[in-house]
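As a plain string of letters, each chain reads:
Protein chains: 2
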Amino acid sequence: MRHFVEELETLKTSLLEMSALVEVAIQRSVIAVTQKDRSAAEEVFLNEAKINAKEIQIDDAAVSLLALQQPMAADLRLIVAVLKINTDLERMGDLAANTAQRAMSLMEVPVIKPMIDIPHIAGLVQSMVRKALDAFVQRDPVLARSVLASDDAVDSLRTASYHELVSFMEQDPQNIQQALDLLAVTRNLERIADHSTNIAEDVLFLVKGIDVRHHAETHS
Amino acid sequence: MRHFVEELETLKTSLLEMSALVEVAIQRSVIAVTQKDRSAAEEVFLNEAKINAKEIQIDDAAVSLLALQQPMAADLRLIVAVLKINTDLERMGDLAANTAQRAMSLMEVPVIKPMIDIPHIAGLVQSMVRKALDAFVQRDPVLARSVLASDDAVDSLRTASYHELVSFMEQDPQNIQQALDLLAVTRNLERIADHSTNIAEDVLFLVKGIDVRHHAETHS
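If you're matching them up, the sequences are chains A and B in order. The first sequence finishes on residue 224 if you use our numbering, and the numbering steps up by one all the way, no holes. The second sequence finishes on residue 224 if you use our numbering, and the numbering steps up by one all the way, no holes.
Note that these hints are calculated values from the structure, not bench results. Being a predicted model, the structure only gives us computed values, none of them experimental.
Identical chains share a label here; the pair holds if one copy fits it or two copies do between them.
Here are the simulated DSBU-like pairs of lysine-lysine, each with C-alpha atoms no more than 30 Å apart in a straight line:
id, residue 1, residue 2
1, Lys16, Lys212
2, Lys16, Lys54
3, Lys212, Lys54
All chains, full assembly: derive it from the sequences and hints.
This is the structure in structure tokens:
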């Protein structure tokens, strides 16, 4: 068996490969919606199988490290954080796939409503994802806390967009399906933001042993 | 420090207390919707703080057990399963709270549409939750597999209900808010069912070391 430190590095590298796949999936799903890009949506569907395989591989590697070694407190916290972040990343991949499905549905109808809000919300959410993962790599609690702070902005934007889409439905029943798809897209983005805050909380636990969960809970 | 076996029993007991809180939250949230029962909704909101506190307590206990002991393969799988099931239960509690919020919104308007489907879907989902947790307690792979099988039925029921609610919106714009609330309730129930299948998969991993994830993935 290889040295523990080396195994732990391999585990971290795998998690970063996982996060790269998920970031691409989110980015492509947003392009599929905003640019009605069918090939971007298909890329997300193909990516999903890779993400699922990677999740299992990382979980198995983390459990093996726990089983075969006797990790000390800090390493143990790292392995537990990897297990948790891995779960969040896989869910984010699922949400990107759902967004890509909604994008396919949106491609079937002419755009009635310009999607001003969605690129805006998507940009903010993608920057949260990036910061949460950077905070993990750099073990940076300040960056992790900035992710927690952004979550409220995403919630506010989504609430505004929700009301706008409901009034858009009320104007004309023909808009309903399109509005429901757009509502699902913004909900998916908001849930991706929630998973980013979970990751940021895991980083704070990892760096300082602080449990910051459930201090500013939101519901989607 | 107490004996490892004793600590492990305490951990399992805490998880069952957590699952009891979550099952009550789901049940009360369904009653809040179907019977327009405000006190049931309020009970769910109060319950949520307890569920969140319990999640942290269980996580900490599981990590301590990993840190202070050197668990063998089977015990290690149990502790990892507890960590994962704990996360799923907390999310189920969040979904119940969201359903209770939707119930409050639904109470403000007269019932236009009878909620024939919701008690039906809710009954099926609650039975999945129960079976998944029983499968964990009894380490019963047959029961765990029956949970996986039920998930397709919930998806089918929800799809039918989705189309019905969309046509209900299209009939009259005044129905839109109510239909959106009901859509959210059925989506929450479907996501609770998904978390039950996660738990059932963890039971199969625990009992047999089999990883059954991503064999019949669905998207909400």
